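Taken in sequence, the protein lines are chains A and B.
Quick note on this note's numbering: the first sequence kicks off at 1 and runs consecutively.
Quick note on this note's numbering: the second sequence kicks off at 1 and runs consecutively.
Wrong hints could be hidden among the right ones.
Each pair may be met inside one copy or between any two copies, as identical chains are not told apart.
Below are the SDA-like pairs computed for lysine to any residue, each with C-alpha atoms no more than 25 Å apart in a straight line [to be verified]:
#1 K50 to E60
#2 K138 to N188
#3 K84 to D338
#4 K50 to I73
#5 K319 to S185
#6 K7 to H57
#7 K280 to E16
#8 K50 to G238
#9 K287 to P134
#10 K135 to H57
No lab work stands behind these hints: they were computed from the structure.
All figures in this text were calculated on a predicted structure; none of them were measured in a lab.
Number of protein chains: 2
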Amino acid sequence: MLAPSEKALVPFVSVENMMQLVHHIGVERVLVELTDVIEADFRRWETFDKTPRVASHSREGVIELMPTSDGEIYSFKYVNGHPKNMAQGLQTVTAFGLLAEVSTGYPVLLTEMTLLTALRTAATSAMAARHLAPKGAKTMAMIGNGAQAEFQALAMKAVLGIENIRLYDIDPKATDKVVRNLSGSGLNVTACTSSQAAIEGAEIITTCTADKQYATILTDNMVGAGVHINAIGGDCPGKTELHRDILARASTFVEYPPQTRVEGEIQQMEADYPVTELWKVILGEEKGRHNAGQITLFDSVGFAIEDFSALRYIRDRLKGTPFYQDLDIIADPDDSRDLFGMLARARD
Amino acid sequence: MLAPSEKALVPFVSVENMMQLVHHIGVERVLVELTDVIEADFRRWETFDKTPRVASHSREGVIELMPTSDGEIYSFKYVNGHPKNMAQGLQTVTAFGLLAEVSTGYPVLLTEMTLLTALRTAATSAMAARHLAPKGAKTMAMIGNGAQAEFQALAMKAVLGIENIRLYDIDPKATDKVVRNLSGSGLNVTACTSSQAAIEGAEIITTCTADKQYATILTDNMVGAGVHINAIGGDCPGKTELHRDILARASTFVEYPPQTRVEGEIQQMEADYPVTELWKVILGEEKGRHNAGQITLFDSVGFAIEDFSALRYIRDRLKGTPFYQDLDIIADPDDSRDLFGMLARARD
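Construct the complete structure from the given sequences, taking the supplied hints into account.
Right, here's the structure in full:
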């Protein structure tokens with residue numbers, strides 16, 4: 001039997017290899033480069049197929065497939081969301097993803113995406129803040145100190161120059177974990193005992209809590225003029241974090257309106273609540289922040305193009321490194337019509 | 001760093017391991033067992049989520065995701081269809097698939113599915129023929145001698161007791177390949193020089209040609225009373241094999257009508273062309289073959305539940321064998337909120 005051809009082997013990046021690749025490049029550098037790659041793809045937003053994600057809901061959670069394509073490369077991500085997993089010591093969100101050539105349909109990369117999604121979510125937040133946050137912002141409040149918190153803090157530091165992080169979580173152990181993980185990062189980190197205390201002096205407020213319910217992490221009176229709100233945690237139907245009065249005052253920016261109206265903070269608002277598409281701000285077609293008193297809100301739910309960008313980035317950065325293994329996942333008979341002959345010869 | 005937990009490792013079946021597993025069980029036994037597993041799932045058809053496949057079309061072909069779930073197990077298949085691949089020595093169709101637990105969203109099996117799709121397609125044809133073909137059928141004509149041909153022949157032998165296979169393809173080299181591959185199978189194999197010659201005396205006519213176009217492999221005058229037609233090749237918009245006059249005479253059976261009306265032979269017919277769902281015949285809720293002169297037609301396009309069954313079968317049959325490798329694809333921090341800590345510790 002002949003060995004499989006090059007096309008039949010798909011590079012696979014395991015969790016361990018993803019971690020080694022990230023350290024090989026450097027976490028902050030990955031976040032900066034990812035921010036730029038995602039921004040480059042947002043600039044050519046109109047070249048992408050945009051399908052709403054394909055969700056399979058159950059009592060315990062959701063499994064989603066998120067495909068997109070730019071006509072040359074196709075990507076999809078498999079991702080679940082199971083809030084009760086945490087109680088069993090399992091991840092609430094796990095993910096993996098794939099890139100394929102549109103011209104042949106052959107996969108060219110398979111990779112873990114739990115870590116990669118955390119990185120791309122933080123990079124997307126930093127990209128939005130680069131266009132929307134007050135110039136010279138130095139302090140971010142981080143409300144919800146779960147799996148996403150450190151990535152958000154480092155992305156805001158590396159991309160925007162944030163120097164101070166003010167933490168709050170209903171579980172002080174979560175805050176302790178972030179304090180510990182960010183020691184030595186160069187950030188001034190302050191643990192606070194309330195949301196109200198955390199947002200003191202912050203130009204950017206990031207909310208990223210995990211409960212699958214309508215919650216009010218921020219009330220209207222807490223949000224002063226001029227801040228940028230980076231709302232990560234309200235990201236599926238029935239799950240929000242902000243009081244609707246904040247939305248009534250804010251200028252709201254979104255990834256893909258048909259998805260955000262169902263999954264984002266704005267699911268609380270009327271169907272004609274005005275939103276601005278972030279890609280149009282990046283291209284200069286729409287205004288971002290245009291006065292100092294304005295409250296800007298990035299109502300982030302995560303979109304397939306961000307995963308496409310992240311996968312494309314990993315594929316490029318993988319070249320010349322040892323951080324992958326080849327998977328024999330594509331059947332590759334010498335004569336493409338002779339699949340059965342390949343099987344028969346494997347017996348010998 | 002701790003080793004990943006059991007849940008974080010996903011069994012992966014490579015092409016090589018799939019071939020070894022199939023030989024370990026025996027090809028014909030795999031086909032018989034798969035037929036029974038698919039039939040068992042068709043019997044509980046109404047328990048499944050049925051989503052039309054999510055297709056990304058391009059000039060060269062299509063990439064599709066086919067998800068389904070029975071409420072306990074979720075599956076999806078990635079599959080491409082690129083007719084021009086053959087000219088480059090690549091497979092027209094390649095596939096892989098995944099099973100996951102609905103309750104946690106964690107994947108439990110990742111496998112090649114190019115071979116597995118060929119096996120499940122043949123098993124589905126045999127299942128349909130078991131309910132629709134004339135009793136005691138001994139001879140099958142096989143028009144189109146590509147990658148699917150030998151699997152069809154062996155499934156019809158193993159499940160129905162077919163003894164004679166009559167082959168025709170516009171390319172005699174394809175026919176030679178099937179003759180060679182089926183020597184020693186116990187089937188009487190006859191190479192024919194026309195479709196007309198191939199169907200002589202056949203109680204079952206299987207059509208499985210590859211061109212992406214409206215073709216007429218069978219014309220009305222070729223099809224005698226009482227035969228069962230197993231139409232595999234007309235399986236996407238713009239691709240059919242049978243003349244519409246045959247459809248006008250036949251009793252037509254389908255997997256999932258909303259998909260077959262777009263992709264199957266019946267795309268040629270009016271929207272109200274009558275079809276019977278195969279699962280209802282299997283359950284005894286609708287009539288299958290009810291007289292000897294009737295022409296029955298299984299207008300097969302392939303459906304996600306068949307892949308679900310095939311994946312479930314492989315998962316069961318894999319237990320206790322060495323035919324898989326564990327992939328570290330799920331990030332598994334000791335504390336699920338401490339994804340960053342896991343990353344940081346991997347540096348040391």
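Which of the numbered hints are not met once you compare them with the structure shown?
Checked against the structure, the hints that fail are numbers 5, 7 and 10, while the rest are satisfied.
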